[in-house]
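**Student:** For reference, the chains in residue letters:
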Amino acid sequence: SQQGEEDPQALSIQEGENATMNCSYKTSINNLQWYRQNSGRGLVHLILIRSNEREKHSGRLRVTLDTSKKSSSLLITASRAADTASYFCATDARRDDKIIFGKGTRLHILP
Amino acid sequence: DGGITQSPKYLFRKEGQNVTLSCEQNLNHDAMYWYRQDPGQGLRLIYYSQIVNDFQKGDIAEGYSVSREKKESFPLTVTSAQKNPTAFYLCASSILRVGTEAFFGQGTRLTVV
Numbered sequence: 001s002q003q004g005e006e007d008p009q010a011l012s013i014q015e016g017e018n019a020t021m022n023c024s025y026k027t028s029i030n031n032l033q034w035y036r037q038n039s040g041r042g043l044v045h046l047i048l049i050r051s052n053e054r055e056k057h058s059g060r061l062r063v064t065l066d067t068s069k070k071s072s073s074l075l076i077t078a079s080r081a082a083d084t085a086s087y088f089c090a091t092d093a094r095r096d097d098k099i100i101f102g103k104g105t106r107l108h109i110l111p
Numbered sequence: 001d002g003g004i005t006q007s008p009k010y011l012f013r014k015e016g017q018n019v020t021l022s023c024e025q026n027l028n029h030d031a032m033y034w035y036r037q038d039p040g041q042g043l044r045l046i047y048y049s050q051i052v053n054d055f056q057k058g059d060i061a062e063g064y065s066v067s068r069e070k071k072e073s074f075p076l077t078v079t080s081a082q083k084n085p086t087a088f089y090l091c092a093s094s095i096l097r098v099g100t101e102a103f104f105g106q107g108t109r110l111t112v113v
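The listed protein sequences derive, respectively, from chains A and B. Take the first sequence: its position 16, counting from 1, is numbered 16 in the working numbering, and each next residue is one higher. Take the second sequence: its position 63, counting from 1, is numbered 63 in the working numbering, and each next residue is one higher.
Okay, chain A solo, but in the shape it has when bound (with noise of 0.2 Å):
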């Protein structure tokens, strides 16, 4: 059963425009993180969030997390070509430590 589960599936927007990506997760957790992955290749890791914090940021991006809601969103602003990519969330479950993703955003920045 996979923990977190990303909306949109799929997002397209132009170049310099702001892209805002949401995760949901269903169980208390310790951790949400955000990983990239460009096509064919492994993850790279982007952000972590801790259950005790509400908002962070790392460059162009800006994660927050609504543990009411059981919920996150990663933003990227003025986006680049160079961001198009899969972005998964990924959480680590207070009953044990699996790492689970999400099924994904696919995020196409348009020239």
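Read the hints as simulated data drawn from the structure, not as lab findings. Ideal placement from N, C-alpha and C gives every residue a C-beta, glycine not left out. Be aware that a few hints might be false.
To be verified - Counterexamples of contact, computed for chain A against chain B with all Cβ distances above 10 Å: (1) 8; (2) 14; (3) 18; (4) 33; (5) 40; (6) 41; (7) 45; (8) 54; (9) 55; (10) 60; (11) 68; (12) 77; (13) 83; (14) 85; (15) 108.
What the hints assert, rightly or not - DSSO-like, lysine-lysine: derived pairs with alpha carbons at most 27 Å apart: (16) A:56 to A:26; (17) A:98 to B:70; (18) B:70 to B:57; (19) A:103 to A:26; (20) A:26 to A:69; (21) B:9 to B:71; (22) A:98 to A:26; (23) B:83 to B:57; (24) B:9 to A:98; (25) B:57 to A:98; (26) A:98 to A:70; (27) A:98 to A:56; (28) A:26 to B:57; (29) A:70 to A:56; (30) A:103 to B:57; (31) B:83 to A:98; (32) A:103 to A:69; (33) B:70 to A:103; (34) A:103 to A:56; (35) B:57 to A:70; (36) B:70 to B:9; (37) B:83 to B:9; (38) B:14 to B:83; (39) A:98 to B:71; (40) B:57 to B:14.
Following the hints, put chain B in place on chain A, whose structure we already have.
**Tutor:** Showing chain B alone in chain A's frame:
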């Protein structure tokens, strides 16, 4: 350079054969994971290990086997019992501490011919 290495990058298997995918890390990480990714889909956990000589089943362990004889290595065997093995396989490792990132290999694409 520290990192996690998967080999081979591409692997072809005949039906009925077992194949083993290699995963090696020199990051001194305790935890290692195997995930399967199907086209356009997310990652599903096959097996994970938090310590040498111990491992646990993930969500889709049937038809797969693993070993963890060394801290650095976590090979995955896709057995003939796995009826639909064609997929992209990703190995990852992390420090065994809550709230740490996972480092991924570049993946092995397995195709049944």
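**Student:** So if I understand the rule, the pair passes when the alpha-carbon distance is 27 Å or less; does residue 98 of chain A with residue 26 of chain A pass?
**Tutor:** 14 Å, holds
**Student:** Would you say residue 45 of chain A is clear of chain B, with no C-beta pair closer than or equal to 10 Å?
**Tutor:** 4 Å, violated
**Student:** Grab the minimum beta-carbon distance between residue 55 of chain A and chain B and tell me whether it stays above 10 Å.
**Tutor:** 17 Å, holds
**Student:** Please settle this one: residue 108 of chain A was flagged as non-interface, so is its CB more than 10 Å from every CB on chain B?
**Tutor:** 13 Å, holds
**Student:** Holds or violated: residue 26 of chain A and residue 57 of chain B, Cα atoms, limit 27 Å.
**Tutor:** 20 Å, holds
**Student:** For the pair supplied as a hint, residue 9 of chain B and residue 98 of chain A, is the alpha-carbon distance within the 27 Å limit?
**Tutor:** Holds, because 25 Å separates the two Cα atoms, which is no more than 27 Å.
**Student:** Keeping to a limit of 27 Å between CA atoms, is the pair of residue 103 of chain A and residue 69 of chain A held or broken?
**Tutor:** 19 Å, holds
**Student:** Does residue 83 of chain A really sit off the interface, with its C-beta more than 10 Å from all C-beta atoms of chain B?
**Tutor:** 19 Å, holds
**Student:** Classify the label on residue 60 of chain A as holds or violated, using whether its beta-carbon is more than 10 Å from each beta-carbon of chain B.
**Tutor:** Nearest chain B Cβ is 19 Å from residue 60 of chain A, so the label holds.
**Student:** What's the verdict on residue 70 of chain B and residue 57 of chain B, does the C-alpha distance respect the 27 Å limit or exceed it?
**Tutor:** It holds: about 18 Å lies between the C-alpha atoms, which stays within 27 Å.
**Student:** Are the Cα positions of residue 103 of chain A and residue 56 of chain A separated by 27 Å at most?
**Tutor:** Holds. Residue 103 of chain A to residue 56 of chain A sits at ~22 Å (cutoff 27 Å).
**Student:** Would residue 18 of chain A pass as off the interface with chain B, using Cβ distances and a cut of 10 Å?
**Tutor:** Correct as stated: the minimum Cβ-Cβ distance to chain B is 24 Å, above 10 Å.
Going down the numbered hints, you'll see the structure goes against 4, 5, 6, 7, 33, while the others check out.
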